[in-house]
Amino acid sequence: MSPRLRCRQRGAIGLMAALTLGLALVFLLLVVDSGRLYLEKRKLQGIADMAALEAVQRNGDCLAASNNTASTFAGASAARNGYIIPPANALDVRCGSLTTAASNLRVFSADATQRDAIQVIASRPVLTSVAGGVWSLFNGGAYSLTTLLTARAVAAPKILPPQAQLTIKSTLVSVNSNDSAALNLLFGKLLGGNLSLDVASWQGLVDNNINLLGYLNQLAVNVGVQAGNYDELLAKNLKLGQLIDAAVTVLQAGAGTATVAASGLTQINALVGNLDVTLGNVLQLQTGAVAAGLNTTLNVFQLAEAFVQLANKKNGVVAEVPVTIPGLVNASVKLKVIEPPQLSAIGDPTYAKNKTDASTRIYVRTAQVSLGLTVALPLLNTPAVNLVLNGLVSPLSDVLNNLLSLNLAGTVSSLLCAVGGVPCQTTDLRLLSSATNPPVSSVDVILELGSAESYVTGFTCASDATKTLTTQTNASVVTIKIGQSPTLINSLGTSPPLATVPPLPVIDIGAVTCLKPLLGLGPTTCDYPNRKAFYGGGIGMLIDPDLGPITAAGSAYTYNQPPEIKQPPLYHGLSTASLVASLGQALQGRLKFQVYKPTGFNLLGGLLTTSATLLNDVNTTLGNVIGTVLSPIVDPLVNGLLSTLGINLNQVEVGANLSCKPHGQAALVI
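Residue numbers (my numbering): 28 to 697.
No wet-lab data here; the hints were simulated from the structure.
All the given hints hold, so there is nothing to weed out.
Listed next, the in silico SDA-like pairs over lysine to any residue satisfying Cα-Cα at most 25 Å (straight line):
1. 382 / 578
2. 263 / 387
3. 363 / 212
4. 619 / 477
5. 341 / 308
6. 494 / 125
Quick caveat: nothing in here was measured; it's all calculated off a predicted structure.
With the hints as extra help, turn the sequences into a complete structure.
Spelled out as structure tokens, the structure:
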């Protein structure tokens, strides 16, 4: 080949290389430019996705044009992710619902009244691509330096099974200095120490709520339980301090008075001691409860109250708390928590039909406590009582002689003492008081308060406009015990409780030897220094055994359109004023006096059968005298001490929530 041809070939190769390099640069430019647009689109799509998810997760809606929470939530999310909202509504947020088209694809339908799904359309102008610009030039169209990118996202919550919640209403709304002092005294005594929270701390506990889901998750982290395993968490043996520490951590993450409430819980935590407890004693979750169904709140004061009562159940301390009762000086009440309250219960009402199955029921109750009060006996030596006793001596002596073969004369004028000059034993009734031997200066009253309870029995969920939740609420059962110190008062809080209550001796049926002169010449003399106490037994006082436990009738109630979970509950109160009235009436008029056999030890023996009419006047007269002292104790106990413990004997108020289609975690659906 000639040199000339070789030169031409070298020139062609160079030209081809230049063209190839130029073409490669063009393709590189296209790749870089397309990648830029792709990344911008991806970034914009991420902003739209996050905005839609947050609007759904925070339960946004489009009902009010001036307060469109869905737009607010979506806009806040977009701004946090670097999206600058330009004019002309570049971030379009719409509420609506999802339907499935004939093609089996989901379709979003806008409807401001619905919030089953939320659509977010985000737009952003970017520099026009090189390819787009070249195309515009060759196509003869107008050239624009910017191109509008658009991203669309539709999010909807996962639909969960129906969820119902029952809550016991708190008895405390605001705290003043008197309330603060009473709470410090009562809670401190129950914990076996001294508590000194100020008014602001107590009010902080009352005003704040704690998110149940956040609390359970924090507790799970603290004690090493796998996240979401709430059944294990509620059944696990934990230290009571660990339960309080988790609540403090959650509250400290909040703002405002939540930190004040956390400080109050910290002070309570210092007194609880090293007690082993289970959280399931105060909170009930249906077995297998889903996390989204637990996204509700609990009142912090009620939670603290339950922790204190749970501690008292475990520490065995019988708290002695002074109370003000009309007519009594320096009275004190002994108190023991038998069972702490079940504050709140959550679960699927489909499986909750009764209270017998602990794994499926939705069940709440108030605390079960025992109260003991020592009340001073009044002055029994009144004209009315003496008149009754004088009329009782002769018939009572006849009964004792017939049943016990005693040689007792009713009075010195009876036939047994008719012959003068011969000593005879006569019946001598003596009212017992602090001056007698043995002294009986007080009577012990025990009130055993059973729990008021409420549980779900049915529900309907045809639509949110017609949904209902049916519950059965049973009022507290109160058992009254009146008897002899110290046997009865020392039985406070024992398990099982004292079944047989010894009667309180109030009348000593003694015997005294008297000498009547022959032919009645001269005064009759009796040897009172050598009086035989309880020779014929005694008359004891107790609460009428036929009374039994006092209770108020329970009732079923249907809540119409109860609010959704996480909203304030709809409360219904079951009036139990008759329970309190019956309690006062029992202490006023259901005292009973009976004759008991002698034991020889200044104590009452077995019950001695007498005629029904023998003690009628004693039951009426002496019972009224003692009853007027006992009946005033009801009001300060019910309206003072028990209300501080969250127990209201006058009314049981239970709150209800029902979500027919509760929203779970938000997810992108289109």
